[in-house]
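K.L.:
What follows is each chain in one-letter form.
Number of protein chains: 2
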Amino acid sequence: MVIVQKYGGTSVGSIERIKAVAERVARARKNGNGVAVIVSAMSGETDKLIALANKVALNPEGREMDLLLSSGERISAALTAMAISSLGVKALSLTGRQVGIITDDAHTSAKIEKISGETVKKALAKGFVPVIAGFQGITQTSEVTTLGRGGSDLTAVAIAAALEADLCEIYTDVDGVYTTDPNIVPEARKLDKISYDEMLELASLGAKVLQTRSVEFAKIYDVPVVVRSSFNDNPGTLVVKEDRDMEKVVVSGVAYDKNQSKITVTAVPDKPGVAARLFQAIAGAHIVVDMIVQNVSSDRKETDISFTVPKSDSEKALKITGEIVSELGAKEVKLREDIAKVSVVGVGMRTHSGVAAKMFGTLAQHRINIMMISTSEIKVSCIIDSKYTELAVRVLHDAFGLDAVRKTRGKSRR
Amino acid sequence: MVIVQKYGGTSVGSIERIKAVAERVARARKNGNGVAVIVSAMSGETDKLIALANKVALNPEGREMDLLLSSGERISAALTAMAISSLGVKALSLTGRQVGIITDDAHTSAKIEKISGETVKKALAKGFVPVIAGFQGITQTSEVTTLGRGGSDLTAVAIAAALEADLCEIYTDVDGVYTTDPNIVPEARKLDKISYDEMLELASLGAKVLQTRSVEFAKIYDVPVVVRSSFNDNPGTLVVKEDRDMEKVVVSGVAYDKNQSKITVTAVPDKPGVAARLFQAIAGAHIVVDMIVQNVSSDRKETDISFTVPKSDSEKALKITGEIVSELGAKEVKLREDIAKVSVVGVGMRTHSGVAAKMFGTLAQHRINIMMISTSEIKVSCIIDSKYTELAVRVLHDAFGLDAVRKTRGKSRR
Chain A
548 MVIVQKYGGT SVGSIERIKA VAERVARARK NGNGVAVIVS AMSGETDKLI
598 ALANKVALNP EGREMDLLLS SGERISAALT AMAISSLGVK ALSLTGRQVG
648 IITDDAHTSA KIEKISGETV KKALAKGFVP VIAGFQGITQ TSEVTTLGRG
698 GSDLTAVAIA AALEADLCEI YTDVDGVYTT DPNIVPEARK LDKISYDEML
748 ELASLGAKVL QTRSVEFAKI YDVPVVVRSS FNDNPGTLVV KEDRDMEKVV
798 VSGVAYDKNQ SKITVTAVPD KPGVAARLFQ AIAGAHIVVD MIVQNVSSDR
848 KETDISFTVP KSDSEKALKI TGEIVSELGA KEVKLREDIA KVSVVGVGMR
898 THSGVAAKMF GTLAQHRINI MMISTSEIKV SCIIDSKYTE LAVRVLHDAF
948 GLDAVRKTRG KSRR
Chain B
548 MVIVQKYGGT SVGSIERIKA VAERVARARK NGNGVAVIVS AMSGETDKLI
598 ALANKVALNP EGREMDLLLS SGERISAALT AMAISSLGVK ALSLTGRQVG
648 IITDDAHTSA KIEKISGETV KKALAKGFVP VIAGFQGITQ TSEVTTLGRG
698 GSDLTAVAIA AALEADLCEI YTDVDGVYTT DPNIVPEARK LDKISYDEML
748 ELASLGAKVL QTRSVEFAKI YDVPVVVRSS FNDNPGTLVV KEDRDMEKVV
798 VSGVAYDKNQ SKITVTAVPD KPGVAARLFQ AIAGAHIVVD MIVQNVSSDR
848 KETDISFTVP KSDSEKALKI TGEIVSELGA KEVKLREDIA KVSVVGVGMR
898 THSGVAAKMF GTLAQHRINI MMISTSEIKV SCIIDSKYTE LAVRVLHDAF
948 GLDAVRKTRG KSRR
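From first to last, the protein sequence lines stand for chains A and B. Per this note's numbering, residue 548 is the first one in the first sequence, and the count goes up by one each step. Per this note's numbering, residue 548 is the first one in the second sequence, and the count goes up by one each step.
Next comes chain A alone, as it looks inside the complex (with noise of 0.2 angstroms):
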């Protein structure tokens, strides 16, 4: 088998912990597997690096942020080639260059234009361990270009896709994929089992074990991905094609969102193109709009049109709105950031009816009020008051039956 293993910045976060990643890896090498390792920067290394540079500029240019902060995986790569090394398997770091990974030159948040893997095969064929630095490539032109937070998830789906691999491994510091938050609903259950497009679902609302890119990257490849703990031997959540057992389960997740802010510009005349003005001046300021939400009011013909936007560019939102407010003749600009967005993520959906509905019920039960709704094939999301998150989310796990042992997915392992 060829397994592609990536680890994360607690997986590697020490000395004690490099060592123990080499030891897994050994293992699996001697288990007659061939293996490719992807490391991401030793944690806090990234966020120690960020400061620097915030310290030093004002606004540091990404070419040089990308320079800097590819340092960190390069270090781990070293050091985790090392550690493999000196328990006699042969190992060997490879930086994102010499892996070949081509991006594009959007410096900070590169996409992958393409990726050889020549190097890694080789090393394959010859029995060494590759260890290849996570979160980075070059330009056409040789320059140093970072893929994003998370990215290290792409380099490993990405290789993984490359070499074909049997299985793609994410270590980090958790068990797995939840139900939900276990932090908030203690009787949130590890799922054995989940398809690509609920784990995109559950990863873009805020369930940050593996990052949204590297998923559909996996989807469009189809590399069986699996998220497990490098601090214990748990088989972990596998991560794959959708099955149609995956879909006598309506509802799989429950997930939430405290990082959006929510803009209404009230008393919009209603008349074409004055959406269109609003979302473009936004788009044009790169913010990404989550929901939107416009109501009619036949009679007055004017309408309202909230929106979310993530915190971090509400303030820009604001100003960029308000700033057109005035020309689209409506009346003023609102701005609200105790909200939250609470979900709930399942394949099933697709075939079974009155999700939505047993959602709305179960909120209006705890009296939590709605105030905007949005809805996927697999997905529906409600927008409520922030301190009512850690309530919705349990009752919501509770409604769809969450913490029951559900046979048709195997015994729940914790």
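None of these hints come from the bench; they were simulated from the model.
Computed beta-carbon distance windows for the label pairs:
| hint | chain 1 | residue 1 | chain 2 | residue 2 | range |
| --- | --- | --- | --- | --- | --- |
| 1 | A | THR688 | B | PRO733 | 53 to 63 angstroms |
| 2 | A | ASP720 | B | ALA672 | 46 to 56 angstroms |
| 3 | A | LEU938 | B | ASN601 | 44 to 54 angstroms |
| 4 | B | LYS673 | A | VAL836 | 34 to 44 angstroms |
| 5 | B | ASP594 | A | PRO782 | 35 to 45 angstroms |
| 6 | B | LYS577 | A | ILE597 | 28 to 38 angstroms |
| 7 | B | LYS673 | A | ARG824 | 36 to 46 angstroms |
| 8 | A | LYS866 | B | ARG696 | 46 to 56 angstroms |
| 9 | B | ASN601 | A | ILE597 | 20 to 30 angstroms |
| 10 | A | LYS858 | B | LYS595 | 30 to 40 angstroms |
| 11 | A | LYS858 | B | ASP780 | 39 to 49 angstroms |
No experiment lies behind these values; they were computed from the predicted model shown. Think of the CB as a built atom: it goes at the ideal place given N, C-alpha and C, for glycine as much as any other residue.
Go by the hints and put chain B onto chain A.
P.N.:
For chain B alone, kept in the frame of chain A given last:
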């Protein structure tokens, strides 16, 4: 003018220091000069990485060490480029690879084989300050290499040669090259000017301001080098080709080195091939022998051979020598670690006689026994008991009148 400025570890050792460097670079740039900057790792960083490696593995591979250690200079290059940019001066970081520094594959102490400098020239032509990560290069097969301790000096001189720069400024935490160690002799005087050859002798003798190989490189390519402090605006010491002025000064400085050990093989049969056998074995273990003295006692047909090796290699050298003793038919091997080498250096020696005699006389006058002697055209070195090191340096500095203001080299600036 095109100026190359190299900043050592203490000069970029903190956010404040990096900002000070940026100010200095900006000033040189605003005076109309083309400026290329080379930076070392932030002080302490390289040692920290080495300590990590030694904790992770008993014998970390050179290849992995190079990837690990090269990160330090990349970090300071990125931070320094940011700091310069934030002052409104265009700057961009460049790695050893991007600069086109091609080395052999002797990991951890690679030799520069080729340097294109095209990227640097292009950056300068576009009005940018290229900020180059020192100490590193890549092999023809794209492996990361480092140039050994003090390698950033070499990067600086090599870049200056490639650019045919008007000046290569080496910024450090001392004001320049002194007649001797000011910690031992408070009257030590900063030299305004020194020849490459003198600097070479001083550098290899333990005056750590400038890496030896960088001086050799500067001499070959005739690069004018200034050693000066980044903590003030003092003019520093110019290292240049020998000129007539210099020959008037018999002795320029007194150097010492406590990092040597002496090994003596007694009663070696005085026949051809014996010394060769011994030193081939030592060289085979990659131990650099500095001084060798052989005393032939004609009546006994036997001889004693003494030689010095770096203290770090003394145990290894002792073992090798011990193994050969019986084969050689010699009596015994003795190691002495409490020795020091004291040297007087000066190009004036070429045309002035009596330096050695004066040195021996001065040491004798203070009852300092001389164990070994070696001389070159511009240097006399003596091995003495290490407890007399400071005394010897002081009396020699005085005897050769080094604390007097020497008009021939201009006014002393202290």
